[in-house]
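Student: These protein sequences, in sequence, are chains A and B.
Number 213 in my numbering belongs to position 213 of the first sequence; there are no gaps in the numbering.
Just add 327 to wherever you are in the second sequence, counting from 1, and you've got my numbering.
Honestly, the hints are just simulated from the structure, not real lab data.
Predicted, not measured: the structure shown is a model, and the values here were computed from it.
All C-beta atoms in this analysis are idealised placements derived from N, C-alpha and C, irrespective of residue type, glycine included.
Please note: incorrect hints may appear among the correct ones.
Claimed, not checked - Partial pick of chain A residues on the chain B-facing surface, computed with a CB cut under 7 Å:
#, residue
1, Gly39
2, Gly159
3, Val268
Stated by the list, open to error - The following residues of chain B were derived to be distant from chain A, with all beta-carbon distances above 10 Å:
#, residue
4, Ala349
5, Gln417
6, Ala429
7, Glu492
8, Asn494
9, Asp589
10, Lys594
11, Ala610
12, Asp626
13, Val645
14, Glu672
15, Ala713
16, Leu727
17, Lys791
18, Asn803
As the list claims (entries may be wrong) - One side only, chain B facing chain A, incomplete, derived with CB under 7 Å:
#, residue
19, Asn369
20, Pro526
21, Val528
22, Ile556
23, Asn558
24, Ala564
25, Ala565
26, Ser568
27, Glu570
28, Pro731
29, Ala733
30, Gln734
31, Pro737
32, Ser772
Residues per chain are reported as follows:
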Amino acid sequence: MLAFIIRRVGQSILVLLIVGLVAFSMFRFVGDPIDNMLGQERTIEDVERLRTQLGLDQPFPVQYFKFLEGAVQGNFGVSYRQGRPVAEILMERAPATLELAAVSGLLAIIAGIALGVFTAIRRNGFAAHTIMAASLVGVSLPTFLIGILLIYLFSVELGWLPSFGRGETVSIGDWWTTGFLTQSGIKALILPAITLGLYQMTLIMRLVRSEMLEVLRQDYIRFARARGLRDRVVNFRHALKNTMVPVVTVIGLQLGSIIAFAIITETVFQWPGVGLLFINAIQFVDIPVMAAYLMLISVMFVGINLIVDILYVFIDPRLRVDRKGGH
Amino acid sequence: MRTATRAILATTVAMLALPASAETLRWASAGDALTLDPHSQNEGQTHTIRHQMYDALIIRDVTGAFEPSLATDWGPKADDPNVWVFNLRQGVKFHNGNDFTAEDVVFSYNRAKTPTSDMKELINSVVEVRAVDDYTVEMVTDGPNPILPANLTDLFIMDKDWTEENNTVKVQDFEGGEITYATTNVNGTGAYKLVSREPDVKTVMVRNDDYWGRDQFPMAYSDIVHTPIQNAATRVAALLSGEINFLQDVPVQDLERVSSADGLVVKTAPQNRVIFFGMNQGADDLEADNVDGKNPLADVRVRRAMSMAINRDAIKQVVMRGQSQPAGMIAPPFVNGWTAAMDGESKTDLAAAKALMAEAGYGDGFSIRLDCPNDRYINDEGICQAAVGMLGQIGITVNLDAIPKAQHFPKITEGKTDFYMLGWGVPTYDSEYIFNFLVHGREDSIGTWNGTGFDNDELDAKIKSLASNTNLEQRNADIADIWRVVQDEQLYIPIHHQVLNWAMGDNVGIEVDPENQPMIKHATVN
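Generate coordinates for the entire structure from the input sequences, incorporating the hints supplied.
Tutor: If you want it as structure tokens, here you go:
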């Protein structure tokens, strides 16, 4: 068991190192950060001085190694665009992204399960058909288009909700800011949360529906009905419970992508989170920010996968590789 | 009676002033200031935000003319052309209540000349700044510098005592990731005071009612909230929904939508930026073409033919939706040395262009790669696409390579492109600036943006002499001579002058500034 975990952790670290290496080898094609950092009056001497100072004159494996060396000590370098330590900027931006991700995740889970159950139980009803058809929109329309449509409808035409930003925020502790405590903060959260969560919501809904239909066909449900149990008990206590196993797995895996895919939603709504930071960093060739963000996201995905793998072992003994024999 | 009149007048003034006293300007633009340290980062949007809170000795008004700010008047010293004398405004106070004196000017200029400063290039001719008395400053230059004031309009004055007390004398070492007190705090003499700032999110400012120019400028807005919004569609939506009432960067495709909306107006004015193509005429052979052993662009007839093939009016109508001003020279119209005659020299004439190509021996044309940015100028990629079609009509097959600016500009400065698009703004409003960067042969600190390979020693000497020529008449004659060569050699293919579009609520009175730098103290509420 221990050997399995150690091997898994080792593989995860290897994946992280490779992601970093690939990222660093690509930064050279994004452009020359020096060009953005110095004004048009700069001299060739200035350019050379800065290039040496930033270590950009060195081959990328060396730059990568230096980055790793700093990252291990918790130092992600200095943003070329903002001139501040990257770790500090990421900490400052993280609450916005995490709050947005949490709200859209909850929205996706609650609405997704509720609608999934509804469409499974009333599978021939008009409402269920309408919802299923509408859910196709959520799956097939790109996020930025949904965001712009929502802005157009609710901000420009109706004027109910703000089109950009996070509203007023309140500081909690030293580094957390929340938009939950002000009216403008909550209003500002609605459209981005729907935009970000819509895809996951439709995904969960369709999954719940198909799993539910599968379960409802099974014998024990028929017997339960035959015993005269009420519909509510049959549907929710017996059927739904058994559909949840695959649904929970998918939700876990989608958690990471909600944070990672927040990039587009944040850009459309000018949401001051890490995704917007990353987009700005690409445009400015802000290598330290890009590197730190990509590493952070890969740590997150690798971490989630690692946990899931380890959990599987606990759940399913057949996966324990150190066991002799077996299948 | 007089008292009564005065009372009525006072009440009227108060009534006029009252509704304005609580007006908030909710202002958005694509970019944010990179820092608030006055001498770090010589960058447009950063200066724009600083201009609201800091004052320079001299600024420019919306016509590009000098406007006295912290200096009331200035001029070269009568008996010494190497010295400029500035008389300072009296009774000015910094936001913290400290008095503004000559000592602060000396301190600020010395700070701007330190190695970590990004403003040092602008005043590299200044060898000494000295206070003659509390309200007179002299600047000694390393030779006569007739256009020194033009370099000072973004050089902000800090309070010496405040800067020293807060241990922020050293200019923020931007690349070194230093956060200094001055990066996030402001103590200027400007019309607005800093309330709060979150980089890339929001900057809030409040009117400085003790401002020295409180009676001189309308200063109708009591509060300013500046928000950067990168996404063009979101910017426009925020304006249409009324969440912002002043937008600096309106995408051209949305101009009609915005101007037809109720309660919104779009104001337009030529920008201090000209867009053009550069051609590598210095090399013996080009890498990006299909002609071996020869450089077609080295032949002036080919360069002229290419210019004649470009239909600038079509680009204006189709690509720019009317929002450009076709150009015949690579100087914006307010720059010293610009003439209407030269700016009208670009003519479209396909027959003559084809004849010139045939005469130069390229009657069958050739093919070449055009390098173009796709995120720097207004519709930059669209302009290049249009040029591809137009040059195709005279037999030149153009392969377009449109890439982000971060990849495009190094190609020019490193000489890795043979045919490229570039835009140029002239902060000094003088042709010398253009010649120094775009016409002078490429050397270490001069000609850095001249990717044409053009190098004419005689012309270079003339360009260098401009810097210290105090005989302005002679200097202007030299400028005209240099332009004549640039035009006759068809060094560049001018396309157009960019036009700025600012959108605002119809009660917002802000005039478009050619530098794209609104000064909110000039704003009125209608």
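Student: Measuring Cβ to Cβ, find out whether aspartate 626/B lies farther than 10 Å from everything in chain A.
Tutor: Consistent with the label, aspartate 626/B stays out of reach of chain A, its closest Cβ about 29 Å off (over 10 Å).
Student: Any CB of chain A closer than 7 Å to the CB of proline 731/B?
Tutor: 6 Å, holds
Student: So, asparagine 369/B near chain A? Judge it on the closest CB pair being under 7 Å.
Tutor: Result: holds, 4 Å to nearest chain A Cβ.
Student: Next item in the hint list is glycine 39/A. Is there a CB on chain B closer than 7 Å to its CB?
Tutor: Hint on glycine 39/A: holds, closest Cβ of chain B at ~4 Å, below 7 Å.
Student: Just checking, valine 645/B versus chain A, shortest CB gap more than 10 Å?
Tutor: 25 Å, holds
Student: Answer holds if the nearest beta-carbon of chain A is closer than 7 Å to that of glutamate 570/B; otherwise answer violated.
Tutor: 6 Å, holds
Student: For glutamate 672/B, which was marked as not at the interface, is the minimum beta-carbon distance to chain A over 10 Å?
Tutor: 25 Å, holds
Student: At a threshold of 7 Å, is the proposed contact between valine 528/B and chain A supported by beta-carbon distances?
Tutor: 4 Å, holds
Student: Glutamate 492/B clear of chain A by more than 10 Å, beta carbon to beta carbon?
Tutor: Given that every Cβ of chain A is farther than 10 Å from that of glutamate 492/B, nearest at about 23 Å, it holds.
Student: Does the interface hint hold: is glutamine 734/B within less than 7 Å of chain A, judged Cβ to Cβ?
Tutor: 4 Å, holds
Student: Double-check alanine 564/B for me: the hint is only fine if its C-beta lies closer than 7 Å to a C-beta in chain A.
Tutor: Because about 4 Å separates alanine 564/B from the closest Cβ in chain A, which is inside the 7 Å limit, the hint holds.
Student: Is the hint on proline 526/B kept, meaning its closest Cβ partner in chain A is under 7 Å away?
Tutor: 6 Å, holds
The structure agrees with every numbered hint stated previously.
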